[in-house]
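Going line by line, the protein sequences match chains L and P. Quick note on numbering: the first sequence equals residues 1 to 507 in UniProt numbering. Quick note on numbering: the second sequence equals residues 1 to 460 in UniProt numbering.
Just so you know, these hints were derived from the structure itself, not from any lab. Heads up, a few of these hints could be off.
[Claimed, not checked] To be clear about the criterion: a stretch of chain P counts as covered by chain L if any three or more of its residues have a C-beta under 8 Å from a C-beta of chain L, and this derived list gives those stretches: (1) 18 to 28; (2) 90 to 104; (3) 131 to 141; (4) 233 to 241; (5) 418 to 426.
[Said to hold, decoys possible] Think about it this way: if two alpha-carbon atoms lie no more than 30 Å apart in a straight line, the pair counts; the simulated DSSO-like pairs of lysine-lysine are: (6) L/405 with L/313; (7) L/313 with L/342; (8) L/174 with L/257; (9) L/110 with L/174; (10) L/126 with L/110; (11) L/505 with P/401; (12) L/110 with L/91; (13) L/282 with P/79; (14) P/374 with L/487; (15) P/367 with L/282; (16) L/257 with L/183; (17) P/374 with L/282; (18) L/309 with L/384; (19) L/477 with L/505; (20) L/282 with P/377; (21) P/169 with L/257; (22) L/110 with L/148; (23) L/477 with L/394.
All residues carry an ideal CB built from backbone N, CA and C; glycine is no exception.
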Amino acid sequence: MPPKKVPQKTGKLDPVWAKPEDLKKPETVGERTQQRINLSTPYHGKDLNDLTADELKIYSHTNLIKPISEGKISLSVKAEREFWKVVNKEKLPIRHVRDNYDWGKDKNGKDIASYTIEELNQRKVKQARYRALSLFSRQFVHLRDQAKRQGAELAETQIEDERKRRREMAALKKDLYGELTAKLVQDPVYDDIIPIPMEEPENALARIAYPDFYAEAISYLRAVMVAEEYTPRCLRITEHVISMNPAHYTVWLYRFKIIQVLDLPIPDEIEWLNEVALNNLKNYQIWHHRQLLLDYYYPKIADDEDAVKKLAKSEIDFVNQILAEDTKNYHVWSYRQDIVAKLGIWTVAELGSTQNMIEDDVRNNSAWSHRFYLVFSDPSQSTKDASPTEHDPKVPESIIERELKYTRDKILLSPQNQSSWNYLRGVLRKAGRGMSTEEGFASQFAECLGEEGEKVTSSHALEMLADASVETGDAEKATLCFTRLAKTWDPIREGYWQYRISQLKEQ
Amino acid sequence: MAAAISQTGAAQTSAYDIPELFRMRPVVVDALETDSSAMQQDTIEECLPFLLGEEDLGPRNNHGIPLLDKQRHLNFLRKQLGPLPGAFMAADPSRPWFFYWCLAAMTLLGEDVAFYRNKLVETVRPMQNATGGFAGGQGQMSHLATTYATILSLALVGGEAAYDVVDRKSMWHWLGSLKQPDGGFQMAIGGEEDVRGAYCASVIISLLNIPLDLPAESPARAAGHSGFFSGLGDWIGQCQTYEGGISAKPSVEAHGAYAFCALGCLSIIDSPHRSIPRHLDLPRLISWLSSRQYAPEGGFSGRTNKLVDGCYSHWVGGCWPLIEASISGPQEGFAAEAVTPATEAGSLFSRNGLIRYILCCCQDLSKRGGMRDKPSKNSDAYHSCYVLSGLSSAQHKWTMKSARLDATVLGSDEWVVTPYLEGQQIFSEDDRLATTHPVYVIPQHKADGIRDYFANKAGF
Chain L
1 MPPKKVPQKT
11 GKLDPVWAKP
21 EDLKKPETVG
31 ERTQQRINLS
41 TPYHGKDLND
51 LTADELKIYS
61 HTNLIKPISE
71 GKISLSVKAE
81 REFWKVVNKE
91 KLPIRHVRDN
101 YDWGKDKNGK
111 DIASYTIEEL
121 NQRKVKQARY
131 RALSLFSRQF
141 VHLRDQAKRQ
151 GAELAETQIE
161 DERKRRREMA
171 ALKKDLYGEL
181 TAKLVQDPVY
191 DDIIPIPMEE
201 PENALARIAY
211 PDFYAEAISY
221 LRAVMVAEEY
231 TPRCLRITEH
241 VISMNPAHYT
251 VWLYRFKIIQ
261 VLDLPIPDEI
271 EWLNEVALNN
281 LKNYQIWHHR
291 QLLLDYYYPK
301 IADDEDAVKK
311 LAKSEIDFVN
321 QILAEDTKNY
331 HVWSYRQDIV
341 AKLGIWTVAE
351 LGSTQNMIED
361 DVRNNSAWSH
371 RFYLVFSDPS
381 QSTKDASPTE
391 HDPKVPESII
401 ERELKYTRDK
411 ILLSPQNQSS
421 WNYLRGVLRK
431 AGRGMSTEEG
441 FASQFAECLG
451 EEGEKVTSSH
461 ALEMLADASV
471 ETGDAEKATL
481 CFTRLAKTWD
491 PIREGYWQYR
501 ISQLKEQ
Chain P
1 MAAAISQTGA
11 AQTSAYDIPE
21 LFRMRPVVVD
31 ALETDSSAMQ
41 QDTIEECLPF
51 LLGEEDLGPR
61 NNHGIPLLDK
71 QRHLNFLRKQ
81 LGPLPGAFMA
91 ADPSRPWFFY
101 WCLAAMTLLG
111 EDVAFYRNKL
121 VETVRPMQNA
131 TGGFAGGQGQ
141 MSHLATTYAT
151 ILSLALVGGE
161 AAYDVVDRKS
171 MWHWLGSLKQ
181 PDGGFQMAIG
191 GEEDVRGAYC
201 ASVIISLLNI
211 PLDLPAESPA
221 RAAGHSGFFS
231 GLGDWIGQCQ
241 TYEGGISAKP
251 SVEAHGAYAF
261 CALGCLSIID
271 SPHRSIPRHL
281 DLPRLISWLS
291 SRQYAPEGGF
301 SGRTNKLVDG
311 CYSHWVGGCW
321 PLIEASISGP
331 QEGFAAEAVT
341 PATEAGSLFS
351 RNGLIRYILC
361 CCQDLSKRGG
371 MRDKPSKNSD
381 AYHSCYVLSG
391 LSSAQHKWTM
401 KSARLDATVL
411 GSDEWVVTPY
421 LEGQQIFSED
431 DRLATTHPVY
441 VIPQHKADGI
451 RDYFANKAGF
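For reference, chain L alone in the conformation it holds in the complex (with noise of 0.2 Å):
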C-alpha cells in the first residue's frame, strides 16, 4: 500500500478534478478518459477520514447529482435550491463517465485505450469517411433503379465511381476492423444477381465450413447458372472461383459454355489457363478444358497450315514446361497425346523430345507410352485404329529394328528396368515376332540358369526367356526360369510363376 496521501493545499482543490486545464497532457486516449473518469467522479475511491470539509462537501454533493435530479431522493424546496447552488458555485461534474468503460480492441487485438489521441483521431476520420461513402454507395442504388424504372442507365463513369467506391469502403472496412468484404460484392455489375446461398440441413454428412469468399462466389455461380446467363461477367465469377477451388468441375463446363456463346478468343483463354496450370499441377479439369478448347478451337484454323504449325509448338512447349516440373503427369501426358493426334503432330521434333525425356530418367514409363503411341499410331506408318497388343503388318521393317535396337540400348543401360523390357515386348507384338527372337538378347542378363554360378542381373530378361521358351514349346526350360523367377529372383511374385508352371502342365 502506497502511504497515505496527506492532502497538500488545504483549502484549495485537488487538482486531480479542480480545472482540466491544471491537469498534465494526457498522452493516450486511455489516460484521456480516466482523467475524464476522475473529473466526473471526485475523490471517488478515497478513504473518507483523509478528506477535508471541502472536498468531502464536494464528494457527496457530487454523488448527490443522480438521485436527487432523478428525484429519488427528495429534499425541500429550500435545500435543493442551496444544493444546486452549490454544484454551480463549484461547478461539480453533472454527467458521469462510466469508469468501466471499454473502447474495445482494434483488427490486431490492440487496446484502442492505447492509441495516442492523434491516432484515435485519424481513425474516426476513417469511420465516418465509411459512413460518408456508405451515403453516397446508397444514393447510387437509388438513383441506378430510379434509372431503371425509367428504362436508362447510369452512365459507366458512375458505375466505375461506384466500383472505386466500393473498393475504399472494403479497404477501410478491412483497415478499420479486419473484416473482409467479400468479393463480388464490391463490384456493382453483380448488384442485380440475386445470389443463391447452398441450403443445408444443419446436421448434413460431411458438411463444409466454407470460407466466406467461396460461399459468396458459389451463391453466385448458381444464380448466372440457374439464369442460364452467358455474359462477360460470368466469365469473371467462374474465374473467381477457379483461383479458390480449381477441382470444382462445374465451373470449368459452364465456363465453356460461356467461352462458346461469347465466341472468345481462344488463344486468350488458353493464356490464362497456363498460368492456372502452372499453379495446379495435380488438377485435371484443366486439362480437360485445355481439350475442350482444342476440339473447339481447331476447325476454325485447320486450313490454315501455319496456324496449326503455330498451336502445336506452342501447345508442345507449354506441356513440356509441365512435364519438367511433373515428370509423369498423366493428365498431361494423356493431352499430350490427344494434341498430337488432333494436330498431326507426329513429327521427328516430337520423338526427340520424347526422348530426351527417356534420356533424362530412364524408367519415367510415361514418357515410354507417348513413344509407343508416337511411333505405333502415327497413320503414315500404321493401322488405323490398330489395337496396341495386336501384330500392326503396316508398320515397316525399318521402324520395327529402329525401336528394338533403341530399346536394346537403354536395357543394356538399365538391365531392371521393366518399362524398356515392357517396350519391347510391344515392339515384338506390332512385328509380330515372337519372344524367343530376343532369346540372345535376353540370355546375357541370366547365366548359368539353375547351376552353379547362377547369375541374374534381370528379372525381366528371365521372364521373357521363360516367355520364349513357353513359345517353343520347350516347358522344361520354362519352368527352369519360373521357378528361379519364384525361389530367387522375383519372388514377391511366386503365385504368378506358380501358376504359369501349373498351365504349362495343362497344355
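Following the hints, put chain P in place on chain L, whose structure we already have.
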C-alpha cells in the same frame, strides 16, 4: 521353421518371424541411378523400419504384424463425416465420395452404418438434379463419379427411405445423354470420357436395374447403339496398352485404377469368364497386374516404375477375384467348406505381402487414425476406404459359383465368399474384416438389397 529363417537375416535379426523377402532389399538392382530409382530406394528405406518392427506400432504378433486399430480408424472416419473445416473447401465438388469412402470403410470395420440413413438421405436429396443424376453438391452438374458414390452410399445405409431418394427415370435419361457414339461414357455432359465412366455407369445401371435400352435422345443412337452396354466392351478393349494394363482411355499409359474399373465393368456387362477374355488379352493383363507388387514393401504400385501406394491394395488387389473368375469360370461344385484354390498355386499374388504392407505401413496409429498411402503421407478417407477394401480382399476368397446364362441377364452371377485359410495366417483373427463384393465394392447383401428392391419395381 520359419522362425529359424529370421535368425539368418544377419543385419536385421529381430524377435519376429518375418520372411527374408520382406526384410531384405531387392536382389536385382541396377547401378544406374535416375529420379525414379532414387524415389524407389527412398520408399524402401521409408517402409523397412515399419516392416521390420523397428517402428513402435504397439504390440506385434510373432510375425511382426501389428494389430488393426479399428477404434482409432473408426474415430477418424466418423470425424471425416462430421462437420469439416474450411480447409476441406476443395472437396466441395466431391462430397459424395466422402460419404462412400467413410461408410464403406466403417462397414468393413464392422460398424452398422444404417444409423446414418436419415442424415445421408437429407444430405444427398438436394444434390440430385431434376434432369437426372447426382452432383458433387447443390447447384452443381450431375457427374458419374458422384452419382456412383451416392448410389453406393445409399445402398450401404440401406432401406426403402434411402433407395427411394433416387429418381430412376431421370437417371435413365441422363445416363443416355452420357453414352457416346464410340461406346464409352462421359463423366458429365461435356465432361471427359474414360474407363471410370464405363465402370460407374455400369454399376449404377446394374444396382438400380435401369432399363438397358438407350433413351431416344442418346447421342450414341446416331452410331447405331441401342443399348447402354452396346459397344462398351469393345471400347474398354481399346484401353488395353502394349504393357498389358489398362489406361484411362485408348492409347494412354496403363494405370492400376483403370484396370479395376475395366474389369468391374466387364464383369457387369457379362460374366467375367466370358467378357474379360473376349475383350482383353488376359495373359498380358495378368502379367502386368502381377508385376505391380513390390518387395520388400509388399504393396502394389499403380504404374510401371512408380511407387507403392496403399490405395492400389484395392485398385490392383481388387482385380484378383475377377481375374480368378475369368480364368476358372463358374465353380458349380463349389462348397464353402471345401476350400479349393482357384489355381494350383493358390493365389496369383502375395496376400501376406499385401497384408504386411497394409498393417505395418498404411495405419496411422497417431491420435489421428485412418489409413494412408505410405508412412510419409497423411491418412485420408479415400485411402482408408481402398486400403481396407484391399485388406478384406486379401483376407477372403471370392468364388463365382454360377454364371448367368448369357449377357442379357444383368449381373446375376452368384458369388460366394469364404475366409482365405490357405497357408500361414499372419494377422490376428480379430482383424479379419467384413467382406466386400468384388464388383460393387460394398457388402454383397447391401448390393442385393438395392438391386432386389428395384428389380421388384414395375416400371420407374
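Going down the list of hints, with the structure as the test:
no.: 1; hint: 18 to 28; in the structure: holds (count 3)
no.: 2; hint: 90 to 104; in the structure: holds (count 9)
no.: 3; hint: 131 to 141; in the structure: holds (count 7)
no.: 4; hint: 233 to 241; in the structure: holds (count 4)
no.: 5; hint: 418 to 426; in the structure: violated (count 0)
no.: 6; hint: L/405 with L/313; in the structure: holds (29 Å)
no.: 7; hint: L/313 with L/342; in the structure: holds (13 Å)
no.: 8; hint: L/174 with L/257; in the structure: violated (36 Å)
no.: 9; hint: L/110 with L/174; in the structure: holds (15 Å)
no.: 10; hint: L/126 with L/110; in the structure: holds (17 Å)
no.: 11; hint: L/505 with P/401; in the structure: holds (25 Å)
no.: 12; hint: L/110 with L/91; in the structure: violated (36 Å)
no.: 13; hint: L/282 with P/79; in the structure: holds (26 Å)
no.: 14; hint: P/374 with L/487; in the structure: holds (27 Å)
no.: 15; hint: P/367 with L/282; in the structure: holds (29 Å)
no.: 16; hint: L/257 with L/183; in the structure: holds (23 Å)
no.: 17; hint: P/374 with L/282; in the structure: holds (19 Å)
no.: 18; hint: L/309 with L/384; in the structure: holds (23 Å)
no.: 19; hint: L/477 with L/505; in the structure: holds (13 Å)
no.: 20; hint: L/282 with P/377; in the structure: holds (16 Å)
no.: 21; hint: P/169 with L/257; in the structure: holds (27 Å)
no.: 22; hint: L/110 with L/148; in the structure: violated (46 Å)
no.: 23; hint: L/477 with L/394; in the structure: violated (34 Å)
Consistency note: the structure conflicts with the earlier hints numbered 5, 8, 12, 22, 23.
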